[in-house]
Amino acid sequence: MAASIRIRAKLSDGITEVKALMRHPMETGQRKDSSGQTIPAHYITEVSATVGERVVMRSFWGAAVSQNPFLGFRFSGAKAGDAVEVKWLDNKGESGSGTAKIA
Amino acid sequence: MNSKRRGFLKMAVAGLGLAILPLRLLADFVRSEKAFGATAAEGAFAALGPMQDSADIILETPDIAENGAVVPVAATSNIPGTTRMYFVIEKNPNPLAAAFAIPEGTEAFVQTRVKVAQTSTIYAVVEAGGKLYRAGRETKVTLGGCGG
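One line per chain: the protein sequences are S and A, in this order. Per our numbering, the first sequence starts with residue 1, numbered consecutively. Per our numbering, the second sequence starts with residue 1001, numbered consecutively.
Treat the hints with care, since some could be wrong.
[Said to hold, decoys possible] Here are the computed lysine to aspartate or glutamate pairs in the DMTMM-like style, where the Cα-Cα straight-line distance is at most 20 Å:
| # | chain 1 | residue 1 | chain 2 | residue 2 |
| --- | --- | --- | --- | --- |
| 1 | A | K1091 | S | E27 |
| 2 | S | K10 | A | E1107 |
| 3 | S | K79 | A | E1104 |
These aren't lab readings, by the way, just hints derived from the structure by calculation.
Excised from the complex, chain S in its bound form (with noise of 0.2 Å):
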């Protein structure tokens, strides 16, 4: 799941903001399929940012985010070349992370 993530990192004024895409099914496990038979949930459960070993975002998820989450979020202290990493891990153990050079 390498490319799971679509990052983009830019800075302006001393603040970075981060725009992240993953690509995730989030199953809600409230579904039905076409036979009548209940979808799994299969959601991220907790995503994390990272700039070196300074943790710049972490957050708790639930079913309720979007399929294909998007996450936005700033930050400062940081400059531009250095990298930021953002991981998920869903319900079913999955990971998936992407790094980003800030622009």
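Use these hints to put chain A onto chain S, whose structure you have.
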């Protein structure tokens, strides 16, 4: 002057507290199964703790969502010392949608997209200085976000 010195001491202590607090709160930030598992908004709120309404939380949500499966939400907290932010969707089967820790140096701003099952108030809950605050706005949903 004694009172000035007190003031300075207070500021110094507050500064120290602010520096240490975010790290401690980040370590303390764990998934609340009780809050995420709640099946009514009141249950989710109760699991988070007592809260008061605040005009210092700016919630950006659409008035009308044609597609409840993808509703953009953003919240900014102007409450000093904000360490956590939550989105709660009143009428969803599990109202708590997401919880965010705001470490020191990260702005009290988060933006995401959520499913909204039916016309509902969307709340942003903010924790700052150990207290909880809340703001809500209604989003009318034309097509639900959780149907099959």
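Holds or violated: K1091(A) and E27(S), Cα atoms, limit 20 Å.
18 Å, holds
Within 20 Å, alpha carbon to alpha carbon, are K10(S) and E1107(A)?
15 Å, holds
Is the hinted pair K79(S) and E1104(A) satisfied, with a Cα-Cα distance of at most 20 Å?
Measuring from Cα to Cα gives roughly 16 Å; hence the hint holds.
When each numbered hint is compared with the structure, no violation occurs for any of them.
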